[in-house]
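Trainee: Knowing the structure of chain A, use the given hints to seat chain B on it.
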Amino acid sequence: MTEAGDESTGASPAGPAGGDRAEGAPGAEAGWTAAVRDQLTRRLTIEELLPTRQPAYVGSWVYVFGVVTIAALVWVVVSGVVLALMGSAWWHTSSLGHFFNSIHFWSVQMFFIFMVLHLWGQYWGAGWRDGRAKTWMVGVVIFLVSIVTAFTGYLVQQNFDSQWIAVNAKDAVNSTGLGGFFNVLNFGQMYGLHVMLFPIAVTLLVVLHILQVRSKGVVRPLGDPYVADAGVSTAPGGPAR
Amino acid sequence: MTGRRPGGRRTEVSKDDYYRGVRTAPYDLLKELAIATVALLVVVLVLSAVLSSPDVPSATIQAWAKSDPVDFVTTAATELAGQSTTAQYGPPYNTNSGSVQSLGPIVPQQWAGVHVAVNAPIDFVLEPLSQSTVGDPTLAAALSTFNTATPAQQQKWLNAYVQALGSATLVGAQVTVASGDYGPLPLLMSRLLGLARTGGLDALLLTSGHFYQTDYSKPLLFMADGGYLVGLAQAQDLTGSQWGMMNETGRYPGQAWLWLFTLWYQIPPYTTASNADLLVVLTMTVLSLALLLIPFIPGLRDIPRWIPVHRLIWRRHYRSIG
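In the order they appear, the protein sequences are chains A and B. Residue numbering for the first sequence follows the working numbering, beginning at 1463 and increasing consecutively. Residue numbering for the second sequence follows the working numbering, beginning at 9 and increasing consecutively.
One chain only, chain A, in its complex shape (with noise of 0.2 Å):
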């Protein structure tokens, strides 16, 4: 609702027109919408996060293995969504159904693959630094998490190996005192996480991941000479930060 005394002239209803980043600075409006837009135009532009051109360093093989994984990451979900769709049975009675559990079981070998890939290369690159620690921490819970997920999936597949899986961790987690709240012999209890709570959760940690290194920006090599001007921390033996 828009009241006679809060209407300004010429103002555009999307904000400052043309994205001037000057007219949207903090406090030109006020209010908690404003307030979040400017927070997340200072954070990363749209130029930023769709970026036509990146420093040259990072056509290196290294940066391969985090888009791969992204790739990985669609079709665990496309082939899960299909199975998920088809019912839990369906791949163990249709050849079809079959093919596409082949199709999420390779998926899911490929996505941990190009994800250790992409971790032991950002640790060998000290992809932390400057300023980056938040953006390794949530790549380090993306595979936490995804490690229970697929732990989540190997219980459902509803076959000799979920059952064996079964019996062998409950010791695990009962030793934990978890086993009451995360029963792995239930098997709808694993069924409803694997297919609804846990992809949502990768997939939201993934697209936050991504944020992080689009606002970041790809940090600059290990050892990079010092740029007077920048004022960065990337001198040889300058701390890994």
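Errors might be hidden in some of the hints.
Here's a subset of chain A near chain B, in silico, CB distances under 10 Å, partners left out [to be verified]:
#, residue
1, TRP1494
2, THR1495
3, ALA1518
4, SER1564
5, LYS1632
Just so you know, these hints were derived from the structure itself, not from any lab. On a predicted model such as this, the values are computed, not experimentally measured, just so you know. For every residue, glycine included, the Cβ atom is placed at its ideal position computed from N, Cα and C.
Mentor: The following block gives chain B in isolation, referenced to the frame of chain A:
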């Protein structure tokens, strides 16, 4: 973005400053993602078409009763005697302590309490038999004899029967033991075996008063107490000492990402510890936290500078700047 000026003081550095002097090159993010997505799909489709995926059918109590009736009856008698792993387990299944793990005064399993209640003698043996008494007065009478006997008498029959099962033989489809005072146990076990052979016990262990069932805790716990399931697992190289946690049935990759979790179960002191599971979980929790907090841990965060793998990662960049 934070940076560090020559004096060492942390400061906010604008993105323009951070990348000043850095050579840039055209980059098409979405094109790269699209190519990666299509290329990965091709790889996955080829792997799926050529190698398929594993699907060894699930084990059933029916198959167990048919293929190894002596093991089935021995397990059932042990359940009835309250001597099985599940009967003695402790939380979250019951109040015993046979499988409760602790680290000094830390006993999270005990603290959490019973949340998936399992009464092994009743749930696995007496209740399924009692549901089968319709039209079977002999079974009803035997069940009544057992239920009305004193606990001491019941235990005497059970101890003698479980001991006799050690040298049981199979006569036809029946498990036969040497003569002795076993009370109604031979008849009860014979009926339970018959019920299991029809597949009825698979269904009865799932019932919980509701029409819809998704909780397989009871049938899985019952099967895990016997030797049938572990025998199948051994044949597939899936047991703990075979790195089973990360293996898959057949010749397929399993959860290879659990290699570190599985590794601890292969080496002392974890191999001999009675609280191995708790120790492994705690070890992995500490290691996971270390991985999470690498940016803040001196030493761990410096290894990439000490071992110059980054010279390979940014090989062309270093060459370009001399």
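Trainee: If a hint holds in the structure, say so; if it does not, say that too.
Mentor: How the hints compare with the structure:
Using the Cβ-Cβ criterion of 10 Å, the hint placing A:TRP1494 at the interface with chain B is not satisfied: the shortest such distance is roughly 25 Å. For the restraint placing A:THR1495 at the interface with chain B, the shortest Cβ-Cβ distance is roughly 25 Å, beyond the 10 Å limit, so the hint is violated. Checking A:ALA1518 against chain B: minimum C-beta separation of about 4 Å stays under 10 Å; hint holds. The beta carbon of A:SER1564 comes within 4 Å of a beta carbon in chain B, closer than 10 Å, and the hint placing it at the interface holds.
Below 10 Å, beta-carbon pairs count as interface contacts, and A:LYS1632 has one with chain B at about 8 Å; its hint therefore holds.
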